[in-house]
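Since chain A is already given, all that's left is putting chain B on it; use the hints.
Those protein sequence lines, which keep their order, are chains A and B.
Read in order, the letters of the first sequence correspond to residues 1 to 127 in our numbering.
Read in order, the letters of the second sequence correspond to residues 1 to 284 in our numbering.
Hints may contain errors.
With beta-carbon atoms standing in for the labels, derived distance ranges [to be verified]:
| id | chain 1 | residue 1 | chain 2 | residue 2 | range |
| --- | --- | --- | --- | --- | --- |
| 1 | B | G183 | A | V38 | 18 to 24 Å |
| 2 | B | E153 | A | P73 | 17 to 23 Å |
| 3 | A | A47 | B | N226 | 57 to 63 Å |
| 4 | A | E64 | B | Y232 | 29 to 35 Å |
| 5 | B | K210 | A | K102 | 53 to 59 Å |
| 6 | A | E99 | B | E76 | 34 to 40 Å |
| 7 | A | V38 | B | N226 | 52 to 58 Å |
| 8 | A | D13 | B | G110 | 23 to 29 Å |
| 9 | A | E96 | B | D64 | 42 to 48 Å |
| 10 | A | E64 | B | A79 | 29 to 35 Å |
Computed list of lysine-lysine pairs in DSSO-like fashion (alpha-carbon distance at most 27 Å, straight line) [claimed, not checked]:
| id | chain 1 | residue 1 | chain 2 | residue 2 |
| --- | --- | --- | --- | --- |
| 11 | B | K47 | A | K117 |
| 12 | B | K279 | B | K157 |
| 13 | B | K156 | B | K47 |
| 14 | B | K228 | A | K117 |
| 15 | A | K117 | A | K102 |
| 16 | B | K156 | A | K2 |
| 17 | B | K156 | B | K279 |
| 18 | A | K102 | A | K85 |
| 19 | B | K265 | B | K279 |
| 20 | A | K61 | A | K100 |
| 21 | B | K47 | B | K228 |
| 22 | A | K61 | B | K89 |
| 23 | B | K73 | A | K85 |
| 24 | A | K85 | B | K89 |
| 25 | A | K107 | A | K85 |
| 26 | B | K73 | B | K89 |
| 27 | B | K264 | B | K47 |
| 28 | A | K102 | A | K2 |
| 29 | B | K182 | B | K279 |
| 30 | A | K61 | B | K67 |
| 31 | B | K210 | B | K228 |
| 32 | B | K279 | B | K264 |
| 33 | B | K89 | B | K67 |
| 34 | B | K73 | A | K61 |
| 35 | A | K107 | A | K2 |
| 36 | A | K117 | A | K85 |
| 37 | B | K210 | A | K107 |
The hints are simulated quantities; they were obtained by calculation from the structure and are not laboratory data.
We put the CB at the ideal spot given by N, CA and C, even for glycine.
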Amino acid sequence: MKIGITARGNNLDSEVDPRFGRCEYFIIVDPDTLEFEVIENFSMEAASGAGVQSGQLVATKGVEAVLTGNIGPNAFQVLQAAGIKVITGVSGKVEEAIEKYKRGEFKPVESSNVDSKFGISEKGMGG
Amino acid sequence: MIVSVASGKGGTGKTTVAVSLALSISEEEVQFLDCDVEEPNASIFLKPQIEEALPVSIPVPRIDQEKCNFCGKCAEVCAYHALAVLPGKVLVFPHLCHGCGGCSLLCPQGAITEVGREIGTMEIGRSGDIEFIQGRLNVGEAMPTPLIRAVREEAKKRRNPAAVTVIDASPGTSCSVVEAVKGSDFCILVTEPTPFGLNDLILAVEVLRKLGIPFGVVINRSGMGNDKVDFYCQENNIPILLRIPFDREIAVLYSQGIPIVQGKKEYMERFRGMMDHVKELSRA
Chain A
1 MKIGITARGN NLDSEVDPRF GRCEYFIIVD PDTLEFEVIE NFSMEAASGA
51 GVQSGQLVAT KGVEAVLTGN IGPNAFQVLQ AAGIKVITGV SGKVEEAIEK
101 YKRGEFKPVE SSNVDSKFGI SEKGMGG
Chain B
1 MIVSVASGKG GTGKTTVAVS LALSISEEEV QFLDCDVEEP NASIFLKPQI
51 EEALPVSIPV PRIDQEKCNF CGKCAEVCAY HALAVLPGKV LVFPHLCHGC
101 GGCSLLCPQG AITEVGREIG TMEIGRSGDI EFIQGRLNVG EAMPTPLIRA
151 VREEAKKRRN PAAVTVIDAS PGTSCSVVEA VKGSDFCILV TEPTPFGLND
201 LILAVEVLRK LGIPFGVVIN RSGMGNDKVD FYCQENNIPI LLRIPFDREI
251 AVLYSQGIPI VQGKKEYMER FRGMMDHVKE LSRA
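This is chain A alone, in the form it adopts within the complex (with noise of 0.2 Å):
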């Protein structure tokens, strides 16, 4: 089974990206065999509906859990609809993230935890 991380950049020492839907690399890795696939995301950009946009593009890649820092309300109804656990809360670097997830440490959250449009506020860009 995968799992999807956002990250800010595009291999496992890579530190978390705290945006989920205008993240700058969605990591989609076996968590066993730490195989992964690395996909730059477009969405960073868009005026509106990077959060869909992201939402739908994980869904695609058939991921079991998302891992990232915050989460829209929108991109959560996408996640949610598809039928994938969403963490938040999550930073340091990708391959802690995985192993941190192996061991049952993340608990899945129940709803979205910032606004919409959160990733272009200056908070959410990382200063």
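Frame of chain A; chain B shown alone:
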């Protein structure tokens, strides 16, 4: 003739100028459109009798799940990402939809119909001899342009070609401003002689040049700030149509909802003179 009033910077006095202009020429047939639909306030000064209020909707997609084969074409063509196609499911995000109709047009299965989603109200009435139309966007709506378009279309339908239409636009240089001013014969840009006023005036000038609309400038609160707006206008051959001084009496009138031309009669002539100037410039 259609005269729009725009500004770049907010709070420079668009409504003040638009209202007084309309009142000063009310011997002619005048239509007044408040196209600042996110915060229409000309009615505070013109005090119109509203006779009709019509809901304004935009078309948003409704998916027939029986016909849909989840091919994803609709999400692919939607520039605003208002649709998400998942295996066996399509989600619609009506608040992101701009109502362009692309999805229903291009759906290979014919599975999309359009249903109206109300975004605001158009109010039609009269203020004395002036025909008054304003748009009022519902709170929380992000998309003013379809409502502005509806106001403009309604005005066009009702308009006697000899009438003067005065349009109060929203501040800024975004789509709403373009929608409000496009097709006008002349645009009056209201600014103030401050660095912010000048900065945003320059942006508004760029928009009007792109749209090919002749324009001139009204300097409101003249006497405060500096003379850089004057220099800019001079350098760029932009006519200064009127100066309204930075005057406590005018501010008091404004706070009481009294148009300048009613509170200070000498302005009646000044605004009328400005209109004559505008007519000349729009013909040139």
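Results for each hint:
1. B:G183 <-> A:V38: 18 to 24 Å: violated, 48 Å
2. B:E153 <-> A:P73: 17 to 23 Å: Distance hint for B:E153, A:P73 is violated at roughly 33 Å.
3. A:A47 <-> B:N226: 57 to 63 Å: violated, 35 Å
4. A:E64 <-> B:Y232: 29 to 35 Å: violated, 60 Å
5. B:K210 <-> A:K102: 53 to 59 Å: holds, 56 Å
6. A:E99 <-> B:E76: 34 to 40 Å: holds, 36 Å
7. A:V38 <-> B:N226: 52 to 58 Å: Hint holds: Cβ distance 53 Å, inside 52 to 58 Å.
8. A:D13 <-> B:G110: 23 to 29 Å: For B:G110 against A:D13, whose Cβ atoms are near 49 Å apart, the range 23 to 29 Å is violated.
9. A:E96 <-> B:D64: 42 to 48 Å: Between A:E96 and B:D64, where Cβ atoms are some 46 Å apart, the hint holds.
10. A:E64 <-> B:A79: 29 to 35 Å: Holds, since A:E64 and B:A79 (Cβ atoms, about 31 Å apart) stay within the stated range.
11. B:K47 <-> A:K117: Between B:K47 and A:K117 the Cα gap is close to 38 Å, so the pair fails against 27 Å, i.e. violated.
12. B:K279 <-> B:K157: With Cα atoms ~23 Å apart, B:K279 and B:K157 stay inside 27 Å; holds.
13. B:K156 <-> B:K47: Holds: B:K156 and B:K47 sit about 22 Å apart, inside 27 Å.
14. B:K228 <-> A:K117: violated, 36 Å
15. A:K117 <-> A:K102: It is violated: about 31 Å lies between the C-alpha atoms, which goes past 27 Å.
16. B:K156 <-> A:K2: violated, 58 Å
17. B:K156 <-> B:K279: Roughly 20 Å between the alpha carbons, so the hint for B:K156 and B:K279 holds.
18. A:K102 <-> A:K85: Between A:K102 and A:K85 the Cα gap is close to 14 Å, so the pair holds against 27 Å.
19. B:K265 <-> B:K279: The given pair, whose Cα atoms are some 22 Å apart, holds under the 27 Å limit.
20. A:K61 <-> A:K100: Holds - the C-alpha atoms of A:K100 and A:K61 are around 21 Å apart, at most 27 Å.
21. B:K47 <-> B:K228: violated, 36 Å
22. A:K61 <-> B:K89: holds, 15 Å
23. B:K73 <-> A:K85: Holds - the C-alpha atoms of A:K85 and B:K73 are around 26 Å apart, at most 27 Å.
24. A:K85 <-> B:K89: holds, 17 Å
25. A:K107 <-> A:K85: holds, 9 Å
26. B:K73 <-> B:K89: holds, 13 Å
27. B:K264 <-> B:K47: holds, 18 Å
28. A:K102 <-> A:K2: Satisfied, since the Cα-Cα distance of roughly 11 Å is no more than 27 Å.
29. B:K182 <-> B:K279: holds, 17 Å
30. A:K61 <-> B:K67: Cα-Cα ~25 Å, so holds.
31. B:K210 <-> B:K228: holds, 23 Å
32. B:K279 <-> B:K264: holds, 24 Å
33. B:K89 <-> B:K67: Distance ~12 Å between B:K89 and B:K67 Cα, so the pair holds.
34. B:K73 <-> A:K61: holds, 18 Å
35. A:K107 <-> A:K2: Measuring from Cα to Cα gives roughly 17 Å; hence the hint holds.
36. A:K117 <-> A:K85: Roughly 22 Å between the alpha carbons, so the hint for A:K117 and A:K85 holds.
37. B:K210 <-> A:K107: Not satisfied, since the Cα-Cα distance of roughly 53 Å exceeds 27 Å.
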